[in-house]
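Colleague: For reference, the chains in residue letters:
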Amino acid sequence: SQQGEEDPQALSIQEGENATMNCSYKTSINNLQWYRQNSGRGLVHLILIRSNEREKHSGRLRVTLDTSKKSSSLLITASRAADTASYFCATDLPSGSARQLTFGSGTQLTVLP
Amino acid sequence: DAGVTQSPTHLIKTRGQQVTLRCSPKSGHDTVSWYQQALGQGPQFIFQYYEEEERQRGNFPDRFSGHQFPNYSSELNVNALLLGDSALYLCASCHGTYEQYFGPGTRLTVT
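Chains as they are written, first to last, in this note's numbering: chain A, 8 to 120; chain B, 943 to 1053.
Bound-form chain A, shown alone (with noise of 0.2 Å):
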């Protein structure tokens, strides 16, 4: 079963526009990552931010964590047609000694030139 899910399942927009993505999730983690994917290919890291870590940058990226909720958002800043691409969230839970990932569901962005 999936632990996280994005929100929402598809969003479209003009290029140079922001992107927000939201995630929920059921249980306590570790740290939450976030992943694209173009078009069934490999998945690539984004951006980790630790379970006592609030909000975090990297380049035109920002990723906010709510503990008390179980909840993130991703915002992707002036977005471009190459950001085209499923987003997924990630969780790894506090229990164990594994690196276990627990996706979401994704959310699709298409970015319209």
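A hint or two may mislead.
[What the hints assert, rightly or not] So the derived list for chain A, only partly shown, Cβ under 10 Å to chain B, looks like this:
1. 13
2. 40
3. 42
4. 44
5. 48
6. 49
7. 55
8. 59
9. 92
10. 95
11. 96
12. 97
13. 107
14. 110
15. 111
16. 117
Derived from the structure by calculation, the hints contain no laboratory data.
The beta-carbon is built from N, C-alpha and C at its ideal position, and this holds for glycine as well.
Got chain A; can you put chain B on it based on the hints?
Modeller: Okay, now just chain B, sitting in the frame of chain A:
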């Protein structure tokens, strides 16, 4: 520095057959995980190998088995293939960090 590599890229098998997928981790990584991604879904954890042992397993039947070699590369074997096994199979590697690097995947089609 080569990232995670997987072979083959695509594979077509018939129901009931067996398949072996291969993964070479990123240089310096000693832990390999396998994920199954059905069309339109997020990846689901199959199992993870570390020091040639299966360290953790997801909710997959025993038809799914794996192996890790001394050079840290790994194989995923699936026996008695079902139509529902059609998916993208992703390999990820890491070394003592939370960030996992994913390979391009193997697209398995079962007919």
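Colleague: So which of those numbered hints doesn't the model satisfy?
Modeller: 8, 9, 16
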